[in-house]
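2 protein chains.
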Amino acid sequence: MSDKVRLVEVGPRDGLQNEPGLVPFAIKIALVERLADCGLRHIEAASFVSPKWVPQMADGHAVLTGIHRRPNVIYSALTPNLKGLEAALAAGVDQVAVFTAASESFCQHNINASIATSLARFAPLLALAKEQGIPVRGYVSTVLDCPYEGAITPEAAAQVASALYQMGCTEISLGDTLGTGTPKRVRALLSAVSQEVPLPQLAVHFHDTYGQALVNIYAALEQGIRIIDSSVAGLGGCPYAPGASGNVATEEVVYLLQGLGMLTRVNLDNLVQTGRWISQQLGRRNGSKVGLAWTK
Amino acid sequence: MSDKVRLVEVGPRDGLQNEPGLVPFAIKIALVERLADCGLRHIEAASFVSPKWVPQMADGHAVLTGIHRRPNVIYSALTPNLKGLEAALAAGVDQVAVFTAASESFCQHNINASIATSLARFAPLLALAKEQGIPVRGYVSTVLDCPYEGAITPEAAAQVASALYQMGCTEISLGDTLGTGTPKRVRALLSAVSQEVPLPQLAVHFHDTYGQALVNIYAALEQGIRIIDSSVAGLGGCPYAPGASGNVATEEVVYLLQGLGMLTRVNLDNLVQTGRWISQQLGRRNGSKVGLAWTK
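Protein chains in written order, with UniProt numbering: chain A, 1 to 296; chain B, 1 to 296.
One should not assume that every hint holds.
If chains are identical, the list can't say which one is meant, so a pair holds when it fits in one copy or spans any two.
Within a straight-line C-alpha distance of at most 25 Å, the following computed DSS-like cross-link-like pairs (lysine-lysine) qualify [as the list claims (entries may be wrong)]:
1) K184 with K83
2) K296 with K184
3) K184 with K4
4) K130 with K83
5) K296 with K83
Source of the hints: derived by calculation from the structure; they are not laboratory data.
All chains, full assembly: derive it from the sequences and hints.
Right, dumping it as structure tokens:
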């Protein structure tokens with residue numbers, strides 16, 4: 001376990017999207033810029049979904065065109081369909097992401113379509129993205145448990161991941177949406193999925209709802225995963241358990257990786273200050289234990 | 001990784017001792033009884049230290065003699081010296097524990113003695129305990145980092161653990177007092193200590209100050225450790241970082257172990273209710289994410 005890990009910072013998108021209330025776009029811009037200054041090299045900065053469904057993300061264009069871009073940083077956005085991709089391209093994204101689920105009922109509830117329909121919608125998007133030379137990440141949510149169906153088999157998750165990869169997604173992020181995973185199930189999941197998608201193209205996206213995110217990340221690292229999604233200050237909640245944690249805090253992941261000698265490029269002190277700043281701006285409790293304990 | 005794990009519940013002692021304010025002894029008794037009803041089989045229930053130093057623990061006798069004892073449960077107490085052991089024996093403990101540190105300066109600050117002096121004090125205690133057939137656990141704190149000295153070498157920790165074991169302690173608990181550990185250092189520590197003390201006699205005691213406790217526990221399990229200290233609702237704080245977490249929450253440990261198929265005897269639902277109850281009694285935020293998210 002000595003090679004390098006890539007972090008995908010999802011706080012400005014997945015995090016803020018799941019916070020109550022609207023965040024001024026000046027705050028979003030400052031957050032994205034601060035995160036880049038911390039040394040993070042991939043920041044999911046916006047979402048081009050219908051503002052009717054996700055009003056928190058209506059200012060994606062303003063955010064992406066408002067930031068001072070740092071070199072060597074990938075600024076990406078979530079795009080559910082061709083229209084979203086066009087808007088994201090107009091705003092100058094470096095990369096986009098599509099999202100579906102491993103659970104049929106979750107997919108239906110979340111994006112009002114079957115898994116098959118969701119995949120079909122991505123086809124024209126992937127074609128245009130390829131033409132424009134824009135990589136597309138594929139998110140698969142509820143890879144372990146679904147709030148409606150319960151346990152999801154590793155094979156079901158692998159099948160959806162495989163479909164996205166075959167369609168041209170360059171990277172697949174596996175989301176433990178409910179945060180119910182533990183290492184044994186994570187290992188079974190990754191064994192199944194890595195038969196369909198090469199390990200270097202797989203990312204893990206753990207929620208810390210039951211405090212298991214970091215141990216699952218460690219188990220994934222042991223299996224060879226080297227791309228990890230996380231959110232500064234643990235931004236974002238869990239819609240299925242109000243008051244519970246959402247995304248794993250980036251600070252905790254960086255602390256772990258630095259301890260393992262697998263990441264030294266991120267400035268943890270700057271990251272802690274950024275997590276404290278955004279928590280204060282949002283009037284929320286800092287969701288990072290590193291952020292609460294850091295005394296430097 | 002299929003064998004059984006033993007949990008040592010330290011909430012009533014290490015947890016409450018580090019909470020601000022005095023807790024009525026009726027609450028302590030109810031807590032110990034509820035924990036036993038959850039299926040926990042080793043509960044550190046009291047401390048026989050001078051009430052001048054630790055007023056929170058002055059009612060050890062009342063607690064230990066007040067509880068209705070469940071069969072097959074070990075009720076233990078912390079005893080710094082012979083006088084403490086005599087008081088603990090009078091209260092009917094099943095097991096006692098002594099404590100020292102791997103760091104010379106921490107030992108000096110914490111118990112006002114050198115490591116060597118602390119060990120010498122344990123000799124008559126261990127002799128009497130042996131005579132009475134009472135097992136003695138040895139705590140070694142600051143096994144990774146010290147607030148005064150910084151990093152502690154695995155060899156220094158191993159030396160103190162070895163001394164306690166040689167003197168007759170039946171079990172050695174290694175404490176990451178500052179919660180700064182990560183798995184790589186944990187592995188180095190356990191490799192060194194297990195050359196001096198057999199693995200089945202080693203316990204780990206992680207604080208979650210930086211959110212790393214569970215991942216360190218997992219790394220310890222992978223190394224063969226099968227005794228884990230934890231505290232319901234994450235009771236107890238960190239005196240070195242006010243507002244930060246202390247002991248790892250028992251709920252999170254049980255959730256992990258059940259997911260790994262290594263522990264099925266503890267009733268997690270009862271444990272969550274107990275954690276919520278004691279948090280409410282103390283007017284504190286529940287320190288367990290499982291406790292916050294649990295919806296059953």
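Going down the list of hints, with the structure as the test:
1. K184 with K83: neither (40 Å within a copy, 47 Å between copies)
2. K296 with K184: Close across copies (23 Å), not inside one copy (36 Å); limit 25 Å.
3. K184 with K4: Cα proximity of K184 and K4: in one copy and across copies (24 Å, 16 Å).
4. K130 with K83: Intra 15 Å, inter 77 Å, cutoff 25 Å: intra-copy only.
5. K296 with K83: Intra 46 Å, inter 41 Å, cutoff 25 Å: neither.
Hint compliance for this structure: hints 1, 5 are broken, all remaining hints hold.
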